[in-house]
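Undergrad: This is what each chain is made of:
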Amino acid sequence: MLTTIATAQLPALSALLAAGALAKVWVAAGKAGPGALGRLGPAVLVADRWRASATLGCAVAELVLLAGLMATDHPLFRWGTAAFFAISTYVLWELRRRRPDAGCGCFGEVSAVPVGLRSLGRTMVLTTMAVGLVWAPPISGWSTVTGMTWPRALAAAAGLLVLAVLSPEIEETAARLRYRAPCEQRRLDPSTALNRLRSSSTWRAHEGSLSSSDPVDTWRELCWRFFVYPGRSGTGEPVDVVFAVYLSGRHPAVRMAMVDVEGRAVKTAPLPESMPVSA
Amino acid sequence: MPYRSADRRRALAAAALGRPLAEPGPISEEGDSPRSITGEILDVSPHLIVVDTPEGREERLVIAPWATAWRGENVAPADLPIGAHVIIRALRSGRVVDRIWADITRITGVIQSAGTDSKDRAMELYCGPHRGRRTIVIPYGASGRLRVRHPKFEPGYLFDAIGVRENGVAHARLPATSQPPYRWTAVPEPPPGYSGTQSRISGTATWSDTFDWGERGAAYPMLERSDSGCQDAEVSCAGLPYLALGSTLTVRNVCAGRASALPIVACGCLAGRFCDRCLECGTSPRGRIVELSPVSFVELGGELTKGCFNARVGLG
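These protein sequence lines are chains A and B, in that order. Every position in the first sequence, counted from 1, becomes a number in our numbering once 454 is added. So in our numbering, spot 273 of the second sequence is number 261, and the numbers just go up one at a time.
Check before you lean on any hint, since a few could be wrong.
As the list claims (entries may be wrong) - Listed next, with one range per pair, are the computed distances between beta-carbon atoms:
#: 1; chain 1: B; residue 1: Asp200; chain 2: A; residue 2: Ala707; range: 32 to 42 Å
#: 2; chain 1: A; residue 1: Thr656; chain 2: B; residue 2: Pro14; range: 33 to 43 Å
#: 3; chain 1: B; residue 1: Glu112; chain 2: A; residue 2: Val599; range: 28 to 38 Å
Said to hold, decoys possible - Listed next, the stretches of chain A that the computed footprint assigns to chain B, with coverage defined by at least 3 CB atoms under 8 Å from CB atoms of chain B:
#: 4; segment: 650 to 659
#: 5; segment: 668 to 679
#: 6; segment: 695 to 707
What the hints assert, rightly or not - Over 12 Å on every C-beta distance to chain B, these chain A residues come out as not near it, computed from the model:
#: 7; residue: Gly511
#: 8; residue: Ala513
#: 9; residue: Ile541
#: 10; residue: Ser665
FYI, nobody ran anything at the bench for these hints, they're computed from the structure. All C-beta atoms in this analysis are idealised placements derived from N, C-alpha and C, irrespective of residue type, glycine included.
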């Protein structure tokens, strides 16, 4: 029974190693934006110039262990995994003592929550799982996955459940999904707004009055993005045609105005409310 | 993408959204509203000062008996040297001088290198992509006062001090804030924003001398990098909404009760990296929300040597 439980933790350990390695590579590559160094976890304990290298080194170690566990049944990788998680427990303990403001950095950006007893408990459970694996029958991770039996699947699910309960990242992710930043504070791609503008009926109705298909000015204010095109009014005067696209929603509101060189709005013909259809 | 003018953007946005056109200028006044005058001293006596303004006008102003001047330290107005560049706060319809700041400068940037001389130390600062690099000198006499608030003279840390320009060189005299304990690339995240935006945001308003001489306007941290051409923008620890060059901000000095509508004319990329508070009247919420030109700062009732005031900023 104990042997079955220990063997079943191999896929769970592999999954966590894969997720951790990918997240660390993402953070070290600087994809998380300014201030990301605060999320590097234990790497904040080393000098600035070594932080990215330390994070990448940790990711490489995780990938090597992952590959060894999945492809072979060599005891070296099992001992290595146990040592890795044991050292991680010590490092997190030290991080909590020396930098209580830093997150554990285990899974990149979502691990910005300061290290608490749950994060420490998780690495302890992972260490226990890895030590149990040392005494489990030698079998590669791939063989465990392909030859999964019901008792092993249940034991693996129980292991993952324990890890999920001990993961503050899940609550952080749920909170981020539930409470999105307002549109005014979200970083939004200008090209998406331009595509939405060009697929709108307002654009199609006034496309003919534009002198150029490229905007001469564009800017964002709160949740609106403005595009300015050179154009001609109904009387042939040169005007600036300004479109305002709301940045939230799949079919956003698009507003349009024509402004003459003196800054006065030029009246435009309203859009027809219905199209006459001949029978 | 060419940025044409703040006035044009304001007119275009107002027309597209059907909102009234907000003109920059003071909004509400309580008591005698101060006027700010900049220029070069042509003549000064205990009772009268003559200033040559950037527009080429000659302003003759009466110096009030209570008026004080600052040039590295508090001095009598009559002791200011001819040719000094001054910013004057004037009352009574702008004819009576209340306060004078001479040759004042503010040095805000990221430390690139710091000299190791035991006496006067030269320091090179990175002041943002559009402001470039500046070199300042920290005189030995001011270094103790500065080191109390700026303990790390190391590359990568922020620096903010007020000083004087002497012979074309900026000399730091007063710390404008306490140095943030983090490096400039590791700004703390703003508090999580929930659905719906606030119509008013409170925080700290500071000033900078990198505006054009006599210009009225503000620099704002949360501008899109692609629109503003400022690669260090979009960083703030105050949770600010996105605005653009040309947007109009309503800035209220909570301490003095004065408000003004100001156009955003520059990118406040370094202001957004300071998560400090202003203690001018009570304790402001954390974060610099706007950086004002010296003229606008003085007209809103700010004291240049204090460096900040508690501000509330309205959007749009």
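Undergrad: Which hints, by number, does the structure contradict?
TA: 3 and 4
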